[in-house]
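Knowing the structure of chain X, use the given hints to seat chain L on it.
These protein sequence lines are chains X and L, in that order.
Residue 14 in my numbering sits at position 22 of the first sequence, and the numbers go up by one each step.
In my numbering, each number is its position in the second sequence, counted from 1, plus 9.
Calculated directly from the structure, the hints in this document are not laboratory data.
None of these values were measured; they are calculated from a predicted model.
Worth double-checking, as some hints may not be accurate.
Residues on chain L that point at chain X, a partial pick, calculated with CB under 8 Å [said to hold, decoys possible]:
hint: 1; residue: 14
hint: 2; residue: 17
hint: 3; residue: 50
hint: 4; residue: 53
C-beta atoms are modelled at their ideal positions from N, C-alpha and C, and glycine is treated no differently.
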Amino acid sequence: MIYEGKKRIWSDYQKEIPDDHYFYVRSCIRQSFFPASEATFLDITRNKLNKDIFETEHHTTCGGIAYHSDTIPQETVMTIIARQFALMKKYGYENYVSSCITSFGLYCETLETWREFPELEAKIADNLKKTCNLEFAKPKFLVHASDLIYKYRDLIASQAKYKLINKYSGKPLRVIEHIGCHYSKMFPSKGVGGAEYPYVLVGMIEAWGGEIVDYPERRHCCGFGFRQYLIQSNRSYSLTNTYKKFESMKPFKPDMIITNCPGCPYFLDRWQYVIAETQGKTYGENGKGVPVFTYEEVAGLVMGYNPWDLGLQTHQVEVEPLLDKMGIPYDPKEKYLGKNGKDLGKPEIVECFNNR
Amino acid sequence: MIEFGFGISPSSRINLDDFDKEKWNKLVQIEPEILQCISCGSCCASCSGGVFQNVSLRSAILNIRNGKTDSAMELLKGCMLCGKCTMVCPRNINTRNLILSIYKTYSEK
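Chain X with its partners taken away, still in its complex shape:
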């Protein structure tokens, strides 16, 4: 192998990620599915790593869910996105960081469409002026929040209290990494490692001590796919995708799954329960499921955050077996307590596989 040649080829798969000063936009669905992930991202970047990450209450949805379920036209979505970019400029930022993969993919698609059709860009700028009286702008750098955590992975590792290592065996935890399709499959040059070698999550896992599991359906979609899920009669497609992935990863005995998309952790987590109920199959140890995390949750665990402050009690699959393996202390009594000790109520189904 000619190492220099390989190094040159790999450099083509890299992405420029500025170190600081970002305008942050949240995700619609992550705030309800994984309520603490975004707060953890902001806490880590702002307070632990001292970065300038700005967000405003004036930003709205990117329109992605409506767009991908064919309920609003593309020009409407583009005007919504132009408004977000205009807000970025208004507050004096040039770097744009998105929490959501759907939004990230849509921003890439919009910028690419504007590049190819300048007359459409002019029309959207005009729409923006008429509807919101804001000045049209485009970000200098567009990144996803996982790109930033990837960039800061060594800084996080240097402040880490725990590692992705099984304290009982002393071996690295076997981690499945799952990239959101809209991160790099639509515009490969916009993701770290492109569509062929997505490295954004792999980099984090390696830096924090884990071991990557390579399995046949590693790059298969989780099954969200908007229309596959939004219409109940189509949900078999969604469920079958997830089932296919779990059947494929089963022989490799993974300890955990880490994802960078809003839909993927939700479906990989919740569908495990449906598979357990309908097929009687579970994929973790001792009849349990495989815990699924967002990258912010894993960063938070590694940095020693209280698991319940990370919102891990909102997961379908129990996370306690993994916390035990990592040696992270937790109080089971606090599991269903919210902010300021408010009782959240215990869910009816507390395990992945409810033996009834």
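Just chain L, lined up with the frame of chain X:
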């Protein structure tokens, strides 16, 4: 069990390793005309059984080539051997004979 209103769909994956070359060669030896099939679908369009049941010689041949012999046999199960498909086949394949030969070859375990 909870009824969710949806479930896991059967796999449609084609695994060419399942293709039984030995049996295929045997079939070709008995019915070399199978190699002349152009999958035009005339046989299915004229099939009386196909109106009421899931009968399709065209799909059955395709399934055999994809190693899915069980579903191929299912697709021929409703054939009444009326011979209409033989009359319409543009390649002059004796489809009636072919169906019997497929059944004979792939019924043997």
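Evaluation of the provided hints:
no. : hint : result
1   : 14   : 6 Å, holds
2   : 17   : 5 Å, holds
3   : 50   : 27 Å, violated
4   : 53   : 27 Å, violated
The structure fails to meet hints 3, 4 from the earlier list, while all remaining hints are met.
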